Structures are given as C-alpha cells and as structure tokens.
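Based on the provided sequences and hints, a complete structural model is requested.
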Amino acid sequence: MKSIMRSFAIISVILVSTGSMLSQITDLHGLTTIKDDVKTKRISSYDQSGGNNDRIEHIQPGEKKVIFDVSGAGMINHIWITIAPPPEKLSRNNIILRMFWDGSNIPSVVSPIGPFFGQGWDESYPFSSLPLAAGPVDGRGMVSYWNMPFADGAKIEIENQNDEEIGAFYYYVDYVKMGSLPENTGRFHAWYNHELTEALEDGENEWSLLGPQGKNPDGAGNYLIADIKGKGHYVGVNYYVHCPSPVWYGEGDDMFFIDGEEMPSLHGTGTEDYFNTSWCPKTEFSHPYYGYGRLNNDVGWLGRTHVYRFHINDPVHFSKSLRFSIEHGHNNNLTLDLASVAYWYQLPPFNELPPLPDKETRAPKPFIEHYNMHIWRDEWRKANGNDLQLWGDE
Numbered sequence: 005m006k007s008i009m010r011s012f013a014i015i016s017v018i019l020v021s022t023g024s025m026l027s028q029i030t031d032l033h034g035l036t037t038i039k040d041d042v043k044t045k046r047i048s049s050y051d052q053s054g055g056n057n058d059r060i061e062h063i064q065p066g067e068k069k070v071i072f073d074v075s076g077a078g079m080i081n082h083i084w085i086t087i088a089p090p091p092e093k094l095s096r097n098n099i100i101l102r103m104f105w106d107g108s109n110i111p112s113v114v115s116p117i118g119p120f121f122g123q124g125w126d127e128s129y130p131f132s133s134l135p136l137a138a139g140p141v142d143g144r145g146m147v148s149y150w151n152m153p154f155a156d157g158a159k160i161e162i163e164n165q166n167d168e169e170i171g172a173f174y175y176y177v178d179y180v181k182m183g184s185l186p187e188n189t190g191r192f193h194a195w196y197n198h199e200l201t202e203a204l205e206d207g208e209n210e211w212s213l214l215g216p217q218g219k220n221p222d223g224a225g226n227y228l229i230a231d232i233k234g235k236g237h238y239v240g241v242n243y244y245v246h247c248p249s250p251v252w253y254g255e256g257d258d259m260f261f262i263d264g265e266e267m268p269s270l271h272g273t274g275t276e277d278y279f280n281t282s283w284c285p286k287t288e289f290s291h292p293y294y295g296y297g298r299l300n301n302d303v304g305w306l307g308r309t310h311v312y313r314f315h316i317n318d319p320v321h322f323s324k325s326l327r328f329s330i331e332h333g334h335n336n337n338l339t340l341d342l343a344s345v346a347y348w349y350q351l352p353p354f355n356e357l358p359p360l361p362d363k364e365t366r367a368p369k370p371f372i373e374h375y376n377m378h379i380w381r382d383e384w385r386k387a388n389g390n391d392l393q394l395w396g397d398e
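Quick note, our numbering runs 4 ahead of the 1-based positions in the sequence shown.
Note that these hints are calculated values from the structure, not bench results. Careful: at least some of the hints might be erroneous.
Unchecked claim - With a cut-off of at most 30 Å between alpha-carbon atoms, the simulated DSBU-like pairs for lysine-lysine come out as follows:
(1) Lys-68 - Lys-386
(2) Lys-39 - Lys-159
(3) Lys-324 - Lys-93
Unchecked claim - Now the in silico label distances, taken between C-beta atoms and shown as ranges:
(4) Glu-168 - Val-141: 38 to 44 Å
(5) Arg-46 - Pro-250: 20 to 26 Å
(6) Glu-373 - Asp-156: 18 to 24 Å
(7) Leu-32 - Trp-384: 58 to 64 Å
(8) Glu-288 - Ser-325: 32 to 38 Å
(9) Asn-151 - Asp-58: 23 to 29 Å
Owing to the predicted nature of the structure, the values given are computational and were not obtained by experimental measurement. Even for Gly, the Cβ is constructed at its ideal location relative to N, Cα and C.
Rendered as structure tokens:
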C-alpha cells in the first residue's frame, strides 16, 4: 500500500510540475491534424498600392476607425498592433479598442488598447504570457493569441480619445474562415475598469500597524474586476496597482460570486496568492499563465506593479452571472489607484458591459517621490515639537 501511495504521489507531482506544458503539447499535437472547410485569412494595414506606407495615418482626436470587418463564421487567432508616437507622447489609455460579434451593435470588448495588451500607465515594457504579449522594441509590439470566434460576422474598431492625432497605426488581424461554429462556442469578451479606492475613516491600518483590524465577510467595498451576466467562463485578468505608500498593497482577498450567490464560492487568502505568488513579492517573473510584468523596486511597495493571471487550465464557470472582486488591502483599508482588464467567454445573447470609466478617471496618478516623503517627515517633525534629533520611530 505504501508503494502504491508513493507512486501516486510521484505521478501527482509530475502532473503538477508539467501542468504549464500540457496545453502547449496539446496545441503542438493539434498541428498534426489537417482540417477541412477552413481558410486562413488576414486583414492588415498594408499599403495596397504596393508601396511601403503600411499603416493608417493621421487618426484625428475623436475619430473612430474600423480595422476589421468580415462576414460569415470564423475565428480570429492572432492580432498584432504597433502605434506611433510612443506612449509617453500619445496615451494608450485614450485609444479605445472595441470588438463586436455576429452583427451585434453591443461591443463584447471595451478597453483602452494599452491595458488590454498588458501595458499599463501609458508605459511600454516587455511582457510575456501565453495569450498576450508585448514584444520589442520596449513592449511596443502588442500581440494577442486569444481565440475570438464569430458565427455571423465580426468587427473591430479603435477610437482616438486623445487630444492629439494618432500618427501611425499598424496592424495584422489573422483569422480562419469557417462554414459554421461548433455548438456551445463562447464569444470572447474583455472589460476594463479603473478606480481610485477609498481608505477607511480610521486610517490605512494594514498589518494592524494602527490598532486592531476590522473584518470584511461579504466583499462590500471591494474593487470590481468583472460583473458578467450570462453563461460562460472567466479566463483571466491583467491587474495594475499603483500604491502611494511603502506599505504592502496586497493583503486583499479575491472573491468570486457565482450565479448571484451572497457569499463567494471561491474565496482567496490574499492578492499575491491569487496571482500564484507568495510573501509580498517584488520580483519580475513571467510564466505562461501568471506573473509580474512590471514593478518599481522602490522603497517597500511604493509605486506601480502589473500582475496577471490567466485561467487556461482552470476557468471559472458560471451559468447565470459572475461577479469577481478583490479587496484593496485587508478589509478595504487602502487608497490605491487600481485598473484591470478581465477576459472571459460567454454564450450569446450579448449584454451591455458596465460603462467604461471616463478619460479623467483613466488618467494615471503621478508617482510619490522621495521628496514628497521628506516633506511629510518635515511636517511630522514640526507636529512633534521640532526636536532637532527626532529620528522617525518615536
């Protein structure tokens, strides 16, 4: 019996340790199957005159451009985009990406283009995962490998909400044309949210630094990542945290409320735990399913952190609705500038997504710098009698 249990344990370890490879092996194996009734197609920004002006130019403020519009059934399997000027000169938070399936006028994807592809805060940086990536140079080559099926047409549009023009917009959208979709094929969805969260009246009491902590049994006041109506499964999130304090931002628990339940079926133990990490990490890390795409490495956890998790092997299924939220600090006790893009598949009919936060709300908050802290220290010194030898832990 001991030998059987030992063998079972070894097999379990092997399966867990190779889990990240299984879908890749399956995909590679699938390449051996020759398919009937499919045609590979592409819509791109190439110069149809045969010249080298392979881009859309001069997209004006307030202007919308349709970059993909096809009829019939099929599935998008690859998107590549790059834009000029660079993000420090032209906000990616203010270029809105919308996707429509099956002739619907209700978008199934609504997100600023940067955060959708794993690029937060009007920055660009290398980012690597299985379904999304941002490649050289400096993360400005934005890529999606999400499968995006449609039964009766598909449309992708961008809107320039900047005050300046988009000088150049390059893109590929690769897809397969099909006779029809298999039954129960979900449609791809994505939704962006952004909120400056509120601390508690009695202060930002993380780690009980200011006294006993309160409790949050039901998720009231959590930051909202997804609020979905319909039947489908949730497949992941890009999550962007800007912390104005050196204190750890991630004691907040993740909570999945499935099909209208009052208490979450899936209740986590901390932000870093949901993102498959541990012990308040400050390490850039890339796994096909999860990782830290960007961090500040400033004092404590001050500054900007981009984390991601994709539920490739473990989607969260729902029949009627899904509400996914996360605490901003334990018991929602921290002021944080939070943004996210949630991704999921669901069956038609198409429902209106929650409203996109407005341009002012989406604007990144400025960094808290060392001189801000020094000014705070000076105010603290004056409030404590201006003793010329005050250290800081009195």
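Evaluation of the provided hints:
Taken as a hint, the Lys-68 and Lys-386 pair is broken in the structure, with Cα atoms around 54 Å apart against an allowance of 30 Å. The straight-line distance between the Cα atoms of Lys-39 and Lys-159 is roughly 25 Å, inside the 30 Å bound, and the hint therefore holds. Of the pairs offered as hints, the one joining Lys-324 and Lys-93 is violated, with about 43 Å between alpha carbons and a cut-off of 30 Å exceeded. The hinted range of 38 to 44 Å is not satisfied by Glu-168 and Val-141, whose Cβ atoms lie roughly 21 Å apart.
One distance hint, 20 to 26 Å for the beta-carbon pair Arg-46 and Pro-250, is violated here, with the actual separation near 48 Å. Distance hint for Glu-373 and Asp-156: a CB-CB separation of about 53 Å, inconsistent with the stated range 18 to 24 Å. In this structure the hint that Leu-32 and Trp-384 lie 58 to 64 Å apart at CB holds, the actual value being about 60 Å. The hinted window of 32 to 38 Å between Glu-288 and Ser-325 holds, with their beta carbons roughly 35 Å apart.
Range check, Asn-151 to Asp-58: about 26 Å between beta-carbon atoms, so the 23 to 29 Å window is met.
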